[in-house]
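K.L.:
Every letter in the sequence shown is one number past the one before it in the numbering used here, and letter 53, counting from 1, is 53.
Derived from the structure by calculation, the hints contain no laboratory data. No residue lacks a Cβ here, since even glycine has one placed at the ideal position from N, Cα and C. One should not assume that every hint holds.
[Stated by the list, open to error] In silico DMTMM-like pairs for lysine to aspartate or glutamate, Cα to Cα no more than 20 Å straight-line:
| hint | residue 1 | residue 2 |
| --- | --- | --- |
| 1 | K232 | D201 |
| 2 | K81 | D251 |
| 3 | K232 | E248 |
| 4 | K81 | D147 |
| 5 | K81 | E202 |
| 6 | K232 | D116 |
| 7 | K232 | D211 |
| 8 | K232 | D67 |
[Said to hold, decoys possible] Quick list of simulated restraints, FRET-style, between CB atoms:
| hint | residue 1 | residue 2 | range |
| --- | --- | --- | --- |
| 9 | M101 | P279 | 28 to 36 Å |
| 10 | E272 | Q168 | 40 to 48 Å |
| 11 | T167 | A192 | 17 to 25 Å |
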Amino acid sequence: MPSTTPAGDAPRTDGAGEAALVRVERFDEPELAHVAEIVLDRPEAMNAVSTAMARAIAAATAQVAADESVRCVVLTSSHAKAFCVGADLKERNSFTDADLMEQRPVARAAYGGVLDLPVPVIAAVDGFALGGGFELALSCDLVVAGDAALVGLPEVSVGVIPGGGGTQLLVRRVGWSRAARAIFTAARLPAAEALALGAVDEVVPAGTARDRALEIARAIAANSPVGLRNAKRAMRLGADVGLAAGLEIEDGCWRATAFSGDRREGVAAFAEKRRPVWPGR
1 MPSTTPAGDA PRTDGAGEAA LVRVERFDEP ELAHVAEIVL DRPEAMNAVS TAMARAIAAA
61 TAQVAADESV RCVVLTSSHA KAFCVGADLK ERNSFTDADL MEQRPVARAA YGGVLDLPVP
121 VIAAVDGFAL GGGFELALSC DLVVAGDAAL VGLPEVSVGV IPGGGGTQLL VRRVGWSRAA
181 RAIFTAARLP AAEALALGAV DEVVPAGTAR DRALEIARAI AANSPVGLRN AKRAMRLGAD
241 VGLAAGLEIE DGCWRATAFS GDRREGVAAF AEKRRPVWPG R
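Taking the hints into account, I'd like the entire structure generated from these sequences.
P.N.:
Here you go:
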């Protein structure tokens, strides 16, 4: 059974009583002991990102990033038919220009919190992932979608642009022209089209995205925590530089890993034909 920790300082109240907008769950199962699940939990609004929700996402990601026992993160939703429908437009409709400017750094901290997690992150998308909801998924390293999922960045249809990283992350995933078509047409893409585009990485039967994401997370979490963090760091830092600079980044991350206890344990375990017990340092 998972253990649950609320994140953020903005609880919600609904018919079921008070609960957190975002939960961080950990697992008793040994193979998932090093996996953290961040659960978007504002089901009455299909996880629309209000100011309070943004603060809760930022708090949850900060909590997980600071936990050295975490080797992989899965981002999920408590709503069966919605991962996240994007910004809370009902809240936004009441904003003055000053309110919108005041909220901007709060929103950026939420999306940046997911993007900057130092370990591999998998989004499990079932149902709607639109606008900021899809940007949360794009901020992850892998996206698993149920075959009934609908994803997209439709912001230009309501007079804004993707502002949670979408204009940058989708281009990096699928290339300029494919991203341009998706963003400029405000397209809502069924899971199969998103897979063909390269906007998601795997499509599974509806309702099973979380199970599949946890299966992948289990495999990831079996590996060296030092290796995982440094591999992700090398990939992220090297993605937008020239090859020579990228190889220097890789070399620095290799050095940070090669002289660690994890490397010594990994080699010893291989030689002794046993599972490694990673020190994580």
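K.L.:
Let me make sure I understand: some of the numbered hints might not hold for this structure. Which ones are they, in numerical order?
P.N.:
Failing hints, ascending: 2, 7, 9.
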